[in-house]
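Chemist: Protein chains in written order, with our numbering: chain A, 1 to 328; chain B, 329 to 691; chain C, 692 to 1021.
In short, the hints are calculated from the structure, not lab data.
Everything numeric in this text was worked out from a predicted model, so none of it was measured.
In this text, a Cβ means the ideal position worked out from N, Cα and C, and glycines have one as well.
Partial pick of chain B residues on the chain A-facing surface, computed with a CB cut under 10 Å:
#1 373
#2 590
#3 592
The calculated lysine-lysine pairs, modelled on DSS-like cross-linking and capped at a C-alpha distance of 27 Å, are:
#4 514/B with 259/A
#5 727/C with 169/A
#6 169/A with 736/C
#7 169/A with 199/A
In silico negatives: residues of chain B with every beta carbon more than 10 Å from chain A:
#8 393
#9 400
#10 482
#11 506
#12 551
#13 575
#14 640
#15 641
#16 686
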Amino acid sequence: MSALPAGTTRERGLHLLREMLRIRQFEDHCAELYGAGHIRGFLHLCDGEEAIAVGVMEALGPDDAVLSTYREHGHALARGIAMKPLMAELYGKRSGCSGGRGGSMHVFDAATRFYGGNAIVGGGLPLAVGLALAEQMRGTRNLAACFFGEGAVAEGEFHESMNLAALWKLPVLFLCENNLYAMGTALTRSESQTDIQAKAAGYAVRAAAVDGMDVFAVEAAVREAADAARGGGGPALLEFRTYRFRAHSMFDAQLYRDKAEVEAWRERGPIIRLTTQLKAAGLMTEDDFQRLLREADAEVEGAVEFASAAEWEPVADLARHVYAETAP
Amino acid sequence: MASEFRLPALGADMDAGTIVTWHVAPGSRVKRGDVVAVVETDKGAIDVEIFEDGVVREIVVPVGQRVAVGTVLARLDADDAAADAGPAAVAGAAPADVAARAAVPAVAAAPRTVPAVQAPSPTVPAAAAPGGAMSATGESEDSRASMRAAIASAMSRSKREIPHYYLSTTVDVTTATEWLAAHNAKVPVTGRLLFAALLVKALALTCRETPGFSGFHRDGRYEESPAVHVGVAVALRGGGLVAPAIMNTADQSLPALMTAMRELVARARAGRLRASELAAPTIVLTSLGEDSVDVVFPIIQPPQVAIVGAGTVVERPWVVEGKILSRQLVSLSLGADHRVTDGRLGAQFLARLARRLCDPATL
Amino acid sequence: MIEPLRITYREAVKQAIREALQSDPRVFLMGEDVGKYGGCFAVSKGLLEEFGEQRIRDTPLSESAFVGAGIGAALGGLRPIVEVMTVNFSLLALDQIVNNAATLCHMSGGQFPVPVVIRMATGAGRQLAAQHSHSFEAWYAHVPGLRVVEPATIDDARGMLRAALACPDPVIVFEPISLYNMEGELTEAASSVRLDGARVHRAGRDVTLVTYGASLWRCVTAAEELATSGIEAEIIDLRSLRPLDDAAIMHSVRRTRRAVIVDEGWRSGSLAAEITTRIVEQGFYDLDAPVARVCAEEVPIPYPRHLEDAALPGASRIVAAVKGLVGHGQ
Chain A
1 MSALPAGTTR
11 ERGLHLLREM
21 LRIRQFEDHC
31 AELYGAGHIR
41 GFLHLCDGEE
51 AIAVGVMEAL
61 GPDDAVLSTY
71 REHGHALARG
81 IAMKPLMAEL
91 YGKRSGCSGG
101 RGGSMHVFDA
111 ATRFYGGNAI
121 VGGGLPLAVG
131 LALAEQMRGT
141 RNLAACFFGE
151 GAVAEGEFHE
161 SMNLAALWKL
171 PVLFLCENNL
181 YAMGTALTRS
191 ESQTDIQAKA
201 AGYAVRAAAV
211 DGMDVFAVEA
221 AVREAADAAR
231 GGGGPALLEF
241 RTYRFRAHSM
251 FDAQLYRDKA
261 EVEAWRERGP
271 IIRLTTQLKA
281 AGLMTEDDFQ
291 RLLREADAEV
301 EGAVEFASAA
311 EWEPVADLAR
321 HVYAETAP
Chain B
329 MASEFRLPAL
339 GADMDAGTIV
349 TWHVAPGSRV
359 KRGDVVAVVE
369 TDKGAIDVEI
379 FEDGVVREIV
389 VPVGQRVAVG
399 TVLARLDADD
409 AAADAGPAAV
419 AGAAPADVAA
429 RAAVPAVAAA
439 PRTVPAVQAP
449 SPTVPAAAAP
459 GGAMSATGES
469 EDSRASMRAA
479 IASAMSRSKR
489 EIPHYYLSTT
499 VDVTTATEWL
509 AAHNAKVPVT
519 GRLLFAALLV
529 KALALTCRET
539 PGFSGFHRDG
549 RYEESPAVHV
559 GVAVALRGGG
569 LVAPAIMNTA
579 DQSLPALMTA
589 MRELVARARA
599 GRLRASELAA
609 PTIVLTSLGE
619 DSVDVVFPII
629 QPPQVAIVGA
639 GTVVERPWVV
649 EGKILSRQLV
659 SLSLGADHRV
669 TDGRLGAQFL
679 ARLARRLCDP
689 ATL
Chain C
692 MIEPLRITYR
702 EAVKQAIREA
712 LQSDPRVFLM
722 GEDVGKYGGC
732 FAVSKGLLEE
742 FGEQRIRDTP
752 LSESAFVGAG
762 IGAALGGLRP
772 IVEVMTVNFS
782 LLALDQIVNN
792 AATLCHMSGG
802 QFPVPVVIRM
812 ATGAGRQLAA
822 QHSHSFEAWY
832 AHVPGLRVVE
842 PATIDDARGM
852 LRAALACPDP
862 VIVFEPISLY
872 NMEGELTEAA
882 SSVRLDGARV
892 HRAGRDVTLV
902 TYGASLWRCV
912 TAAEELATSG
922 IEAEIIDLRS
932 LRPLDDAAIM
942 HSVRRTRRAV
952 IVDEGWRSGS
962 LAAEITTRIV
972 EQGFYDLDAP
982 VARVCAEEVP
992 IPYPRHLEDA
1002 ALPGASRIVA
1012 AVKGLVGHGQ
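Using the sequences plus the hints, can you model the full thing?
Modeler: Right, dumping it as C-alpha cells:
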C-alpha cells in the first residue's frame, strides 16, 4: 500500500475521508430504504467507487459541467448537491433536486451544473461534447466532465463522441469507471481490447489508467488532464480501475461473479485504504474515524427524516415542465 | 424493545420471495450489515442483510415458505435484552436447526490455529456488507463466553468418548515449496496458491485412497463417507474456531480449492457460514501456518474419526543423500479414533499423505 | 430584411439561417456537409465563407454524437441548429432526441430546458428507394417534450426557423426534399409566422383536406381538378404536427362535414390515424361521411418512377377519395 502524498495534512486527510464516508453511509442507507420500499424503481449503488467521485470533484471547478450515469449518488454528493434534496429525490418527493420527477437515475442540479443522471449507457457522452463545445465557443476555461462505465465503451456513442471531441479539441474529460462488470457481463467477455485507456490512441486522445481506489491518484490525474484541456489541449480519457462492492442494482443475485472476488476487493477499498494510510502516518485515530462515521450516519438519518416528511408533487402538476415555462 | 425484520423488496418487479436459508436462529446476535438469510427470486438466490443490531427472538417464516414483500420474517430484541444462550452465534451465523444445539460450530485443536489466508483489516464501517466487520465493536463479551462454553462442551465429549491415538512425521517439503514458488511466479496475484491448498488436496486424495479416516462414527458403528469434504479450521477474531467444509475436496483443482478456502475464511470471519457447511466435514485439517509450533496434537471432532494437523513450515538442517542440507520441513500429525483404525493403518495414511504433498504436480 | 420577390424554398431556408446567424451570436449550424459541400441540398451554400468555421461546422458521420452535442450545446447556453441530412439518418440519433432532448426539461423539474433546433430533410419522390424515402413525422410527433413543425410554403420556410430558435423547447423542423426547388412568393407574412397553428391554405365548402408538407401541393392540384367537377375543397396546412391544431381542423369540418386526411406516411399508426381519431372524438356529429385518408401504400418506397408514384398519395388518389365521400362515381 502506497504512502500518503508528501505534505498531506490531517485536515485534508479527514476531509477526503469524510467525503467518502458520507457517500458510503448514504449508499448503505439507500439499500435499506429500498428494501423497505421507500426508494423504488432501479437503485444503483457505488460502494467501492467513492474515491473516484471524491477525487474527481476535488479537481473540478464550480463552473465546470458534470454529467453522470445512473450510478450517480456519489458524484452528486461529492459535487455538492445537499443530502436532503438528494434523498428527497430518491423518495420521489417534490423537494427533491429534480422535483422528484427523476429518482435515483436522474438527479439534476442547475446550481452545481450537474446535468444528470442518464439511464442510457453512453447517452451522456454526446451531451458532454456539446457542453464542452459551448464553453469553447464562449471562450471560457470551463470543461465538461462525463462519467461512464466501462460497458459504455462498447456503444457507438463512445466512439463518436471521442472522435468529435478530439477533432474539435474540445475540453471534455471522459471519465471511465472501470469496475470490470457491465451489469452481469465481465469486461473480458465483451471487449476485444480490455485495456480501456488504450482505445484513446485510436482517436489521438490523451489517456491514462488510474488506481480508482486511491483518492489522491484520482485527484492528481484529473487535475493534470483538466489543466491540459482548459488550455486548449483537447479532451482526455481517464480510466479509473475500481470495483463495485454491491450488486449492479438492488438487487441482483450476482451469479456472474465470485463472492471471494468481491471480498478480496473489499479489503482494498478506498475507505480502508485511506484510513490505514492516515493511521499509519499518525494523522488520525480510531476515535476520529468513529466520530466521522457517526457524523456521516447522523447526516444521512437527517436526510431520511427530511425526505420522509416531504410532500409529494400534486398530480395536477403532471403536465408541467413538459415544455419550458420560461425561456432559458 | 422488539423490532421486526421484514422481507425487503429485492427488485423493481419483486412482489414476493421464498426463504431458502436462515443464517440465524433464536438467540443469534446480529449486527447491522450481517447477512441473515438467503431469499430466492427470479434472478437467483440473494443474500439478505439486516440493518439493525439485536438478538433474534423468533423466526416467523420458515425455510421454504413464499411470502409477500413486507411480511414479518423474524422478530428481534434490542442487544442488551436477556438472550437465550443459544448456539454460539458465530458473528451472527449459527446452525439453523436449533435442535442441533449440541452440534456446535466445529472446533478442533486446543491451540488456536490461524488460517493460511490473511485477514481483512477491520476498518470498514459496520454498515458495509460483511467482510469488514468492525473488530472494535465486533464480538461482545457474552457471545465470546458462550462460544467458549460450546467449545468446552464439545472437546470434553470428544476426549471422553473417542479413544485417540497419535502419530506424527516430519516431511521434507522442499520440492513442494519450490513448485509453489515457480507456479506463483507465473500467475497474477489473484491466482497464487498457498501451501495450505496443497495440504488440503493431498489430504483429500489420501482419504479417498485409505478408508477409515473420512467418515462418521455414530450409533456404535463407523460409516465411510462416499465423498471427502475436508473441514478447514478457521480462527475467529476475539477467540473461537470454526471448521467449515470444502465440499468434494478431492475433485477440486488447486486454484478452485484456493478460491474456496479464501471465500470460506472471509465468510467465517463475517459470520456467514451456512449450517450445512459446519456440519459437513468428514475430516478436519488444522494448520498452524505462521505461528511457530512444531507439532500439533489435535482433538477429533465427533462424529468424525480423524483429524490431521500440520505445523509450521520451517527451514532446518536435514540429511539428503548423506549430506547435511538446509531444507523446508513440516511436521504432519494424525489424531485418529482407535475404534476404527489402528497405528499401522494410521502410519500408512500419514506416509501416503507425505508422498502426495511432495508431488504437487499430481495434486 | 424580407425581400418581396419570388424565391425557392431552398433559398428561403438559407435566408432564415443567415438571418439567425447574423442576429444572434449564440446561433451556429452543425451537420454533415453543411460547410465545405454547401449542404446536401445546397441550403447552406456560401454560409461557411460568410460566417466561418466556428459558426458553420462540418461534422463527421456521427448522428448520435453531433445531435447529442447539439443538445449539450443548447444546455450550455448556445442556440444550435443541428442539421440531420435526412430523417432517414436521424434514426441513429433517436436515442439522443427521445431520451435526452424530449425528457430533460420534465425530468429535471424544469431546470434544464433544451432550446435546440434540429432540421431534417424528409419525404420521397426522387426515386431514392426505400432507405432514403421515409416519412417519420408521426414518430417524432408522438413524443411529448418535442415540438414538430413542417413548413410547406415559402413564407413558412422563411419564418418558422426564427420562431423555432426563439422557442425554449427542442424543435424538429422537417423540410420536404421535394419542395427545395419549389418557387413561390415571399410575403410580409413571413416575418411573423408562428411556430404553431394550422393555416387554411385554400378555402372551400364541400370537403376538408387536412395535410402537411409536400402533400399540401398534391392537395392543391387535387383541389383544382375537383373544382372542375364542382367540388370545392378546403385545404388545411397543419404546419405544426406537435402540437396539432385541433380547433382549426374542427372549425373546418364543422362547415364542410367531410374530411380527407392526406399523409405521406404509411397509414398504420400514422398522423392520419391520429387526426381521424381526433375528428371522431371532437366532431363526430358534424360528419356526413366517414373520415377518409390517403397515405403512402404499405410498401417500402420503390425506386422506379411509376412504382414510386403509385406508392405515394398522389393527386389522383386524393381526388378519388374525395369523390368517394361526396357520393360521386368514377
